[in-house]
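Undergrad: Go ahead and model the full structure; you've got the sequences and the hints to work with.
Just so you know, the protein sequences line up as chains A and B, in that order.
Sequential numbering of the first sequence, starting at 1, is according to the numbering used here.
Sequential numbering of the second sequence, starting at 1, is according to the numbering used here.
Don't take each hint at face value.
Here are the computed lysine to any residue pairs in the SDA-like style, where the Cα-Cα straight-line distance is at most 20 Å [said to hold, decoys possible]:
1) LYS56(B) x LEU205(B)
2) LYS29(A) x THR17(A)
3) LYS116(A) x LYS124(B)
4) LYS86(A) x ASP170(A)
5) LYS29(A) x LEU99(B)
6) LYS116(A) x MET1(B)
7) LYS116(A) x TYR206(A)
8) LYS116(A) x SER203(A)
9) LYS86(A) x TRP173(A)
10) LYS29(A) x ASP161(B)
11) LYS29(A) x ALA163(B)
12) LYS124(B) x ALA44(A)
13) LYS116(A) x ALA4(B)
14) LYS73(A) x PHE58(A)
No wet-lab data here; the hints were simulated from the structure.
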Amino acid sequence: MPWGERRSLLSGTNDVTVSILSKIRQSDKNGYWFVLPYVLFFLAFVAYPLCFSIILVFHRWNIVTPMEWVGLKNFQRLVADPLFLKSITNTLTFLLIHIPLQILVALVFALLLNSKVRLRGFFRALFFLPVVVSGVAVTILWQQLYSYDYGVLNGLLHAIGLPSIPWLIDPAWAMPSIAIMATWKNVGIYIVLFLVGLQNIPSELYEAASLDGATPSKQFRHITLPMLNPTVILIVVLSTIGGFSLFIEPYVLTGGGPMQSTLSGMLYIYNQAFYFNHMGYAATLGFVFALVILLVVIIQRRVIETEAT
Amino acid sequence: MRTAITYLLLVIGAVMFAYPFLWMLAGSMKPEMEIAGMGLFSSNFNLTSYQQVFTKIPIGRAFVNSLIVSFSATASVVFFGSMVGYALAKLRFAGSNLLYIVILFTMMIPFQIVLIPQYLLMVKLGWTDTYLALVAPTMMSALSIVMFRQFFLSIPSALLDAARIDGCSEPRILFSIVWPLARPVMITVAILTFMASWNEVLWPLMVVRERSLMTMPQIVTLFTIGGEAESQLGSLLAAATLLSLPVIVAYGFFQRYFIESMASTGLKG
Numbered sequence: 001m002p003w004g005e006r007r008s009l010l011s012g013t014n015d016v017t018v019s020i021l022s023k024i025r026q027s028d029k030n031g032y033w034f035v036l037p038y039v040l041f042f043l044a045f046v047a048y049p050l051c052f053s054i055i056l057v058f059h060r061w062n063i064v065t066p067m068e069w070v071g072l073k074n075f076q077r078l079v080a081d082p083l084f085l086k087s088i089t090n091t092l093t094f095l096l097i098h099i100p101l102q103i104l105v106a107l108v109f110a111l112l113l114n115s116k117v118r119l120r121g122f123f124r125a126l127f128f129l130p131v132v133v134s135g136v137a138v139t140i141l142w143q144q145l146y147s148y149d150y151g152v153l154n155g156l157l158h159a160i161g162l163p164s165i166p167w168l169i170d171p172a173w174a175m176p177s178i179a180i181m182a183t184w185k186n187v188g189i190y191i192v193l194f195l196v197g198l199q200n201i202p203s204e205l206y207e208a209a210s211l212d213g214a215t216p217s218k219q220f221r222h223i224t225l226p227m228l229n230p231t232v233i234l235i236v237v238l239s240t241i242g243g244f245s246l247f248i249e250p251y252v253l254t255g256g257g258p259m260q261s262t263l264s265g266m267l268y269i270y271n272q273a274f275y276f277n278h279m280g281y282a283a284t285l286g287f288v289f290a291l292v293i294l295l296v297v298i299i300q301r302r303v304i305e306t307e308a309t
Numbered sequence: 001m002r003t004a005i006t007y008l009l010l011v012i013g014a015v016m017f018a019y020p021f022l023w024m025l026a027g028s029m030k031p032e033m034e035i036a037g038m039g040l041f042s043s044n045f046n047l048t049s050y051q052q053v054f055t056k057i058p059i060g061r062a063f064v065n066s067l068i069v070s071f072s073a074t075a076s077v078v079f080f081g082s083m084v085g086y087a088l089a090k091l092r093f094a095g096s097n098l099l100y101i102v103i104l105f106t107m108m109i110p111f112q113i114v115l116i117p118q119y120l121l122m123v124k125l126g127w128t129d130t131y132l133a134l135v136a137p138t139m140m141s142a143l144s145i146v147m148f149r150q151f152f153l154s155i156p157s158a159l160l161d162a163a164r165i166d167g168c169s170e171p172r173i174l175f176s177i178v179w180p181l182a183r184p185v186m187i188t189v190a191i192l193t194f195m196a197s198w199n200e201v202l203w204p205l206m207v208v209r210e211r212s213l214m215t216m217p218q219i220v221t222l223f224t225i226g227g228e229a230e231s232q233l234g235s236l237l238a239a240a241t242l243l244s245l246p247v248i249v250a251y252g253f254f255q256r257y258f259i260e261s262m263a264s265t266g267l268k269g
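TA: So, in structure tokens, the structure goes:
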């Protein structure tokens with residue numbers, strides 16, 4: 001640190017204040033007017049809730065009676081809460097099926113669309129359709145498709161001589177069923193992302209490789225897949241955030257059952273807040289879930305990036 | 001041979017994505033007894049299920065509510081987003097870098113952490129069961145600001161300086177020079193905001209209990225899980241069809257914009 005700067009720090013904040021003030025004086029005042037609405041918005045709907053959440057996690061509160069300070073009790077309860085643990089493992093189950101399935105399906109359709117086919121726009125638009133439709137409508141629809149006795153899916157299984165699957169009735173099947181439905185709904189985005197990724201691969205790479213005698217399957221493994229790595233990271237991260245935000249699907253489809261097997265984090269927060277009025281505990285759950293999400297996403301990025309190199 | 005397999009797989013995919021919607025549409029018009037089948041046709045198509053939906057829930061009103069909420073959120077996000085984005089990209093003022101960092105930080109916060117406090121804020125302000133609660137927290141978005149800023153950086157400053165020399169005020173520069181240039185990014189931000197707002201269910205479920213204020217996905221959700229549908233498959237499918245139809249129609253017209261917009265955020269996220 002240069003001497004002058006250290007002196008100004010030592011001699012109190014006067015010099016610093018003066019220099020900031022002079023900077024502000026030279027600033028374009030229009031800038032401040034233009035950003036003022038967002039600053040107010042940020043203070044009200046981002047900064048205030050963030051600070052309030054840190055207060056809430058140390059309190060018990062049912063909105064009606066005054067807040068009660070409970071120290072770390074919310075966290076102690078959370079660590080020992082079997083339903084919190086269940087909601088985490090449920091989310092992991094969801095992600096374990098949803099992410100690989102989504103990448104596989106999206107990659108297959110993107111590769112198909114990337115070859116010289118007619119009606120590419122038509123197919124792309126069709127695959128994308130579930131993305132724009134409301135999740136509630138999709139869930140109502142799939143509830144019928146998954147119906148054990150009358151559902152179309154079990155009807156198909158029967159037609160090819162397979163037994164019915166207890167899609168939403170069996171605790172072991174319920175979360176995978178939601179993961180399959182979510183894949184059907186979201187995969188359109190990822191098909192488009194993979195298509196963009198595929199089109200960004202320079203064709204010289206393939207030309208050079210085929211001159212060197214690399215087979216198409218080798219080209220795929222050593223050119224296509226590595227070049228698609230950024231897209232894969234993106235899909236993994238977006239799907240993970242989506243998985244942790246899962247709410248309307250279990251809310252409408254199963255209500256979190258059977259036997260809490262589809263209780264998602266968001267659904268659990270919602271239940272704590274609006275069925276039991278445990279605002280402090282609900283805020284604690286939200287706080288911890290947010291930390292878990294950040295942690296998981298950071299780890300995922302690290303792992304995928306190091307594996308690629 | 002290879003192209004034949006390609007087309008075969010694509011057609012299977014097309015059926016996979018289209019058939020459920022067609023089944024839903026057909027089921028909403030079939031008599032209750034025939035819905036369970038896999039077929040898409042019936043000689044007894046009728047609109048009884050739709051009549052039931054309209055008599056049991058105020059779905060017309062909910063449609064209007066959704067329009068009001070989504071249009072105000074979209075207009076506001078585009079207006080303020082472009083304003084802040086412009087200031088960050090083209091105006092020099094102390095603290096602009098700090099603000100930009102704060103905005104990027106905002107985008108990284110998982111919404112789970114602010115959800116309950118935001119709801120309690122609505123309660124404190126007495127905004128629950130008003131349009132304000134539905135619209136206010138979505139009136140601006142960090143992502144839109146970032147997208148606008150990114151786009152405005154590509155506009156040559158010389159163009160703006162010329163206007164300034166001619167005595168153009170900054171608001172006029174924004175509205176009459178920058179806005180017309182920004183149509184692509186405006187369409188993207190508008191579609192993203194509108195879709196997110198139109199399909200949002202969790203937040204309305206939290207802040208609105210008054211039936212006349214409910215949004216369309218919200219009222220269909222409560223219709224489904226609240227027992228009002230009395231397990232009549234037909235009316236459930238009719239409600240789901242009514243809910244998806246406006247978006248599917250809009251998508252039919254502006255399909256290319258929808259896909260490009262939604263893919264572009266993924267690429268930046």
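Undergrad: Quick one, are LYS86(A) and ASP170(A) close enough, alpha carbons at most 20 Å?
TA: holds (16 Å)
Undergrad: Can you confirm whether the C-alpha distance between LYS124(B) and ALA44(A) stays at or below 20 Å?
TA: holds (12 Å)
Undergrad: Hint check: LYS29(A) vs THR17(A), CA-CA at most 20 Å. Holds or violated?
TA: Distance of about 19 Å is within 20 Å: holds.
Undergrad: Can you confirm whether the C-alpha distance between LYS73(A) and PHE58(A) stays at or below 20 Å?
TA: holds (7 Å)
Undergrad: Is LYS29(A) close enough to LEU99(B), meaning Cα to Cα at most 20 Å?
TA: holds (15 Å)
Undergrad: Does the alpha-carbon distance linking LYS116(A) and ALA4(B) stay inside the 20 Å limit?
TA: Given that 20 Å is the threshold and the Cα spacing comes to 12 Å, the pair holds.
Undergrad: Starting from LYS116(A), check that the Cα of TYR206(A) is at most 20 Å away, please.
TA: holds (16 Å)
Undergrad: Just to be careful, I want the Cα atoms of LYS116(A) and SER203(A) compared with a cutoff of 20 Å; is the pair within it?
TA: holds (15 Å)
Undergrad: So if I understand the rule, the pair passes when the alpha-carbon distance is 20 Å or less; does LYS86(A) with TRP173(A) pass?
TA: Holds, because 15 Å separates the two Cα atoms, which is no more than 20 Å.
Undergrad: Given the hinted pair LYS29(A) and ASP161(B), is their Cα-Cα distance within 20 Å?
TA: holds (16 Å)
Undergrad: Does LYS124(B) sit within 20 Å of LYS116(A), going by the straight-line distance between their CA atoms?
TA: violated (59 Å)
Undergrad: When you check the alpha-carbon spacing of LYS29(A) and ALA163(B), does it fall within 20 Å?
TA: holds (18 Å)
Violated hint: 3 only; the structure is consistent with all others.
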